[in-house]
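Engineer: Chains as they are written, first to last, in this note's numbering: chain A, 1 to 259; chain B, 1001 to 1304.
If you're looking for bench data, these hints aren't it; they were derived computationally from the structure. One thing to keep in mind: the hints can contain errors.
Computed, partial: chain B to chain A, Cβ under 7 Å [claimed, not checked]: (1) Gln1150; (2) Ala1283; (3) Val1288.
Pairwise CB distance ranges, derived in the manner of DEER restraints [to be verified]: (4) Gly1214(B) - Pro194(A): 50 to 58 Å; (5) Ser111(A) - Val1133(B): 23 to 31 Å; (6) Asp115(A) - Lys1159(B): 36 to 44 Å; (7) Ser226(A) - Gly1214(B): 35 to 43 Å; (8) Arg259(A) - Ala1056(B): 48 to 56 Å.
We put the beta carbon where it would ideally sit given N, CA and C, even for glycine.
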Amino acid sequence: MKILTCIKQVADMESRFKPAGGDGLWFDENDLAWRMNEYDEYAVEQAVQLKEQLGNEPELTVLSIGPDRVVEAIKKALAMGADRAVHIQDSAAHQKDPWQIASIIATYAKSKGFDLIFTGMQSQDRGSAQVGVLVAELLGLACATTLVGFSYADGQINAKRELEGGLKGVVSLQLPALVTCQLGLNVPRYPTLPNIMKAKKKEIEAIPVDRLLAEQPLSPTTSFYSPARKGGGITLEGEVADLVPKLIAILKEKTTVVR
Amino acid sequence: MKALLVCEYREGKLLDASYELIAFADQLGVTKAAVLIGSEAAAPQFDGTVYLAEAASLGEYNPSAHKTAILAAAEKEQPDYIIFSHSSYGWDTAPRVAAALKIGQVTEIVAITDSGFEVGCCNAKMRRSVKPVTAQSVLTIQAGAFTAVQPAGTPRIEKLVVSADSKGVSFSGYEPAEAKDVDLTKADIIVSAGRGVGKKENIPVIAALAKALGGELGASRPVVDAGWVEHSHQVGTTGQTVSPKLYVACGISGAIQHLAGMKKSDFVVAINKDKDAPIGEVADVLVVADVLQFVPALTAQLQK
């Protein structure tokens, strides 16, 4: 079996963001810490668990698009248990829209015969929640999104989709398929030191993005900015002992819930 | 300009969010038609055409057949916009329609601006405007961002006959939510715990404040996923959407999915060490303090 997991490296969401110089249509990347998109951690973990369930017979490839820094995220996926990696080299990945990203992945994956593709359901930075489904449509794969339950037997995936209000939808998919993973699907493993060392020997194939990209953006960003603060919001800073009575006074004045 | 509104149907009923789609289309100033894979009895009440395919034959979740039905309605209607709720149905279905028509999609719209549709990004810390370059586009709108209109009018039903071929995906039904120990949608006061609370052992600190205020305990998703609090306390897109008189967010940064679930609260107090946390954008009062120091002091004062 051949399995593909697509991951994105994103900036740490605890960071402060400001529009970059130049076209100002994304954030300034200087002085940021980077990590694997949280949703993709669940995708990698589920792919590795499936590989282990099947006695390590499957070959698991991890793919990521971006500049050289994304190799760190790729290495983490290799250390979690992926067998090999593909780094699609692109210094302007952030300028591509979901359609372009999906078409790059689909062009790579086409005719490679992947039985199953795992992605996160969305990215933490852009959050378009499109790429996984678009790849499935481009490759003609059965697809379901937002998985919080996954099991596999005999060419069939049995899954649970997270709906609203705690409700789940029970679905099954025939391979070949693509699934997008929701937070909480599993518990992503921390790579152990021996696995980190083993990962250093695993192949990372580098492909320049121009070899795979043939599409223009369909939904470009026209501006990028900080939100306006809701009018009337106030910030209280200082010693806890002073802040407590201040807040209580405000609650008494502005709400009916404190006497 | 015209919009085709993709309404949702679950467990035999039209979902109320369908009326948010109408509100959004009205704000856009476009004429409206709707498509529903459901039943005639559940057709949305508005003066316009509802293209109807039967969920009894296609199934409530059958992405391939639903896509085909929506495309059939779009073929007849030739809309400029095909609009979904940004829900577990919408984000699953919308990109399939966009791919089939090779048109741009804008996801989880919160506002309409002069430079395009405004969406959140970087975990709600930033915003961007997106403007598709294709003549038609697919849009998904954030739950609760556009206030639902009242049902009014009588639709003209046009039936669609569509192949039920599910192309390898089959749906066997719903698994109900676990028994809830709380119904946050009925609470007047909610005090919620976020990652900033630190660990499960600190949850009682937040619960004590909820009790002192006479309210209920809520939680952000990471806290529920970590098993610190049971799922019925989760506030956000895939938990509960709440609008209490008072919402106190303790150690919650304000991810898009959380804000979508509570930003309609009458009065919001946020307690967070980070004065740039996105929760500050919806807070009436942002208290910049360590949750574990401030909350016990506040509780003690309230109990006097």
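Engineer: Holds or violated: is there a CB of chain A closer than 7 Å to the CB of Ala1283(B)?
Structural biologist: 5 Å, holds
Engineer: CB of Gly1214(B) to CB of Pro194(A), is that within 50 to 58 Å?
Structural biologist: About 54 Å separates the Cβ atoms of Gly1214(B) and Pro194(A), which means 50 to 58 Å holds.
Engineer: Assuming the hint says 36 to 44 Å, is it satisfied by the Cβ distance from Asp115(A) to Lys1159(B) or not?
Structural biologist: 38 Å, holds
Engineer: Is it true that Arg259(A) and Ala1056(B) lie within 48 to 56 Å of each other by Cβ?
Structural biologist: Hint holds: Cβ distance 55 Å, inside 48 to 56 Å.
Engineer: Given a hint of 23 to 31 Å, does the C-beta separation of Ser111(A) and Val1133(B) actually sit inside it?
Structural biologist: 30 Å, holds
Engineer: Min Cβ distance, Val1288(B) to chain A: is it shorter than 7 Å?
Structural biologist: Nearest chain A Cβ about 5 Å off; hint holds.
Engineer: Go through the hint on Gln1150(B) and say holds or violated, using the shortest Cβ distance to chain A against 7 Å.
Structural biologist: 22 Å, violated
Engineer: Measuring from beta carbon to beta carbon, are Ser226(A) and Gly1214(B) in 35 to 43 Å?
Structural biologist: 36 Å, holds
Consistency note: the structure conflicts with earlier hint 1 alone.
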